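Colleague: Each chain, written out:
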Amino acid sequence: MTDLITISYMSEIKCLSEARMELEYQCDRQDYRIGILRPSPSAKEEEDAQALFTEVQNNLMSLRDAFRSADYLCGDLRIPVKIDDTELNFVFKLQDEPLSYVLVGGVAPDAKVSCSFSQAYGRNSTICFGEHGSRWSLETARFISNHWTEIKEKILIELKRQIEEDIETLTGLVNAKTEYIDEMTKAMEDKDL
Amino acid sequence: MRAADWTLIDGDVFEEIEELAKKADSLMMTCRMKTNEIRKDFSVSETEKDKLLIEDVQKNLMEVRNAFCEVPYLRDIKDPFELPVQIGETKLRFEFHLYDNPSEFVTVKGVVPKEKPFCESWHITGDSATFGSNFRSGIDHGLETAKFISEHWYTIREEIISEAKGKINNDIKALRDTIAVKDAYLEAAKEGEEEKEL
Numbered sequence: 001m002t003d004l005i006t007i008s009y010m011s012e013i014k015c016l017s018e019a020r021m022e023l024e025y026q027c028d029r030q031d032y033r034i035g036i037l038r039p040s041p042s043a044k045e046e047e048d049a050q051a052l053f054t055e056v057q058n059n060l061m062s063l064r065d066a067f068r069s070a071d072y073l074c075g076d077l078r079i080p081v082k083i084d085d086t087e088l089n090f091v092f093k094l095q096d097e098p099l100s101y102v103l104v105g106g107v108a109p110d111a112k113v114s115c116s117f118s119q120a121y122g123r124n125s126t127i128c129f130g131e132h133g134s135r136w137s138l139e140t141a142r143f144i145s146n147h148w149t150e151i152k153e154k155i156l157i158e159l160k161r162q163i164e165e166d167i168e169t170l171t172g173l174v175n176a177k178t179e180y181i182d183e184m185t186k187a188m189e190d191k192d193l
Numbered sequence: 001m002r003a004a005d006w007t008l009i010d011g012d013v014f015e016e017i018e019e020l021a022k023k024a025d026s027l028m029m030t031c032r033m034k035t036n037e038i039r040k041d042f043s044v045s046e047t048e049k050d051k052l053l054i055e056d057v058q059k060n061l062m063e064v065r066n067a068f069c070e071v072p073y074l075r076d077i078k079d080p081f082e083l084p085v086q087i088g089e090t091k092l093r094f095e096f097h098l099y100d101n102p103s104e105f106v107t108v109k110g111v112v113p114k115e116k117p118f119c120e121s122w123h124i125t126g127d128s129a130t131f132g133s134n135f136r137s138g139i140d141h142g143l144e145t146a147k148f149i150s151e152h153w154y155t156i157r158e159e160i161i162s163e164a165k166g167k168i169n170n171d172i173k174a175l176r177d178t179i180a181v182k183d184a185y186l187e188a189a190k191e192g193e194e195e196k197e198l
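In order, the protein sequence lines correspond to chains C and X.
Residue numbering for the first sequence follows our numbering, starting at 1 and increasing by one per position.
Residue numbering for the second sequence follows our numbering, starting at 1 and increasing by one per position.
Chain C extracted, bound-state conformation:
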């Protein structure tokens, strides 16, 4: 049975959730108004956008392919990257070939105003590069492209940190298991005696 503490906490969460949905609705309305004001992209702009998107996609997929070549790295590799005020979360999907893509969550400041090319808020800001890639990511793609060298370096440093943390934990696991085996072996020997 749900107790009073849970009920009180959950009612706060429900209130927050309602506030969030209201803001999302406001955002959608603004997007609609901006969409009316914004001129449609020219053929040249469309072409440039496609080239930019392809460039970012290729860069991210190269990293993904490199990560996939190491057996140790598998599953979802989650790498947060912070550039000034912008916090992006890169999720490299490394498992199955049909799922070859990289997700980027977060909001690039430039993307906040864009309506026709990005949904730039909350969880909806997740952008997918790869087979499931969409065009709704121009502003974020531009941000990634403008900061690519820095982003790549930060991704690698964070990955290094994560593996080092894994090594520390794995060392602890191996030691604990060894200790357990030793203790159990000794206990069995004592029992035999």
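Since the hints were derived computationally from the structure, they do not count as laboratory data.
Note that the structure is a prediction, hence the values are computed from the model and not measured.
Be aware that one or more of the hints could be misleading.
[What the hints assert, rightly or not] If you only want the chain C side, here are some residues facing chain X, beta carbon under 8 Å, derived:
(1) 11
(2) 52
(3) 83
(4) 112
(5) 164
(6) 178
(7) 182
(8) 193
[To be verified] What follows is a set of in silico ranges between Cβ atoms, one per label pair, in the way DEER data are often shown:
(9) C:28 / X:49: 50 to 60 Å
(10) X:70 / C:184: 40 to 50 Å
(11) C:161 / X:39: 44 to 54 Å
(12) X:36 / C:71: 46 to 56 Å
Yeah, the Cβ is synthetic: ideal placement off N, Cα and C, and Gly gets one too.
Model the placement of chain X on the given structure of chain C, informed by the hints.
Modeller: Below, chain X without anything else, positioned relative to chain C:
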């Protein structure tokens, strides 16, 4: 093991990463061997008390999951709703799968330090135990984690809920920032139009 092909990308840290990945991989192999040794030589079975404990943890986690599912915005999230919790040195990550009802479950990732001998399903995000309709019963997977969750349940529940609030608050902040930027854009566009008319 496949050979890591870091030549696909350039940079100074790759060699270091490759070395680290090899080291981690080798430790992981050793870990698996030790687990197999433990399983082979010292077979340990779940007691009736263990089963009740797992059921209790499962019930508690599913209760929180079901409460999250009552919130429309959370219910619509397709990815697992991830909430990290740290108790002392133990870092756990609770993943509430809220979207698909038929496969309702909660995955707990991380390693409970003092119970390390039984941790088995290691991967980069740590050991994991799943509770719910996909629950993988058995001492190797869930029991030690379940014991830890049971011992610290009230603190864990409080952390889970406070983390969930923090996440939604962050979303609200991001939305407010976005709205402010869009407002400024619309205002500037309006002024531009007015100037044109003049």
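Colleague: Each of the hints needs a verdict: does it hold here or not?
Modeller: Evaluated hints:
1. 11: With a closest approach of 10 Å, the residue 11 of chain C hint is violated.
2. 52: violated (20 Å)
3. 83: violated (16 Å)
4. 112: holds (4 Å)
5. 164: Hint holds; residue 164 of chain C Cβ to chain X Cβ min 6 Å, cut 8 Å.
6. 178: holds (6 Å)
7. 182: violated (11 Å)
8. 193: Interface hint status for residue 193 of chain C: violated (18 Å vs cutoff 8 Å).
9. C:28 / X:49: 50 to 60 Å: At 53 Å between Cβs, range holds.
10. X:70 / C:184: 40 to 50 Å: holds (46 Å)
11. C:161 / X:39: 44 to 54 Å: violated (32 Å)
12. X:36 / C:71: 46 to 56 Å: Roughly 19 Å apart at Cβ, these two residues miss the hinted range, so it is violated.
The earlier numbered hints that this structure contradicts are 1, 2, 3, 7, 8, 11 and 12.
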